[in-house]
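Heads up: the sequence shown is residues -28 to -1, 1 to 322, going by mature numbering (1 follows the signal peptide of the UniProt record, and there is no 0).
One or more hints might be untrue.
In silico lysine-lysine, DSS-like type, Cα no more than 25 angstroms apart, as pairs [to be verified]: (1) K13 x K106; (2) K134 x K106; (3) K157 x K134; (4) K127 x K38.
Between beta-carbon pairs, the in silico distance windows are [as the list claims (entries may be wrong)]: (5) K293 x H191: 32 to 40 angstroms; (6) K9 x D128: 29 to 37 angstroms; (7) E151 x D61: 44 to 52 angstroms; (8) V166 x R45: 42 to 50 angstroms; (9) P192 x D43: 50 to 58 angstroms; (10) H191 x P4: 55 to 63 angstroms; (11) K38 x T230: 29 to 37 angstroms.
Please keep in mind that the hints were generated in silico from the structure rather than gathered at the bench. Values in this document were obtained by computation on a predicted structure and should not be read as measured data. In this text, a Cβ means the ideal position worked out from N, Cα and C, and glycines have one as well.
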Amino acid sequence: MSITRRLLGKAALGLAGAALLLQGTALAADRPAPFDKPGVKIALVRYLSTGDFFQAYLSGVEAQAKALGVDLRVLDSRQDAALQADMVDQAIALGVQGIIIQHGLTESMKDAAQRAVDAGIKVVAFDVNVENPKIPQIEQSDRDLAKLALEQAVKDNGESWKAGYVYVAGIAPLDRRNETWVDVKKKHSGISEVAMFGTLDNPIANSVANQARSVLQAHPDIKVMFAPYDEFAKGVKIAVDEAGLNKGIKIYSADISTSDIAAMREPDSAWAATAATNPAVVGQVSVRALAQLLAGEDPGHNVIVPPTLITQKELVDRDIKNMEDLSAKLPQFAHADVAMPAWMPNPNAK
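Input sequences plus hints: build the corresponding full structure.
As structure tokens, then:
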């Protein structure tokens, strides 16, 4: 039999494929159990999913799960608290080894999370306080998010102004951001909250816009709107633009997305600044903290992802048009060295 160039080519491809397979096996072998073998199953049980932040968060969860080679199941309750608790039980029945609880209400998720722990399943919680010392809390450092945004508001507007405030109680990240708002008002007595409103009814931005229209009519002296969630800020901006008040009111928020960047970059936009972590990075950190628990490691009870202040001026001056630009031009936004032991694969590595 003659050895042709085609046969040599096939042999080379076969050897290359075998080398890649061996490399992948070696990489897995370098990881602690249970990640040294395929077959790890985890679940993401969601309360909130509407909006760019939550889509980006999900993409981060998926990217880190793929890098680890785990089987990810996504269960989405769409803001139904009772259904979210039931979905934790569904995840237990699916035989998952780990669960990420993403947002939700303490009263509905506390017992559900305990049932998972009792079943021998590792659990982490993002932005929902399940009041369980065995369950790490993934946080965006919400108090720092609010502090950065409000410090910029004081810098831009001085220490005396009338404010509208968008808030829904009972949601852990909003409650933590509210603590900072209360502290800032105590520190700066010239800041007067003349209206508080807010809703999580879908679509959130449009529902908040409906409320903001009435608030602006009742309080034409408002100079600052503190809306510490980007869907809230979008709703306020809709109402401010419709009222033609975009040059007289400034909006300060938390969180960021490509559509938020576009809204902030509009000429004469009222949206002056936001403080944010990269939601995709937060999703990655959530999976990594859960993976550490599964590997018998301790990520810590409070796993905190540090935020970045992003101003309208910075977006324009640095020609940042989307999340990709933001990560490229603000490297601290692209990756958080949190819950990152040496064996953990980095989905952002080139």
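**Message:** Need the list of violated hint numbers for this structure, in ascending order.
**Reply:** Numbers 2, 4, 6, 7 and 11, in rising order.
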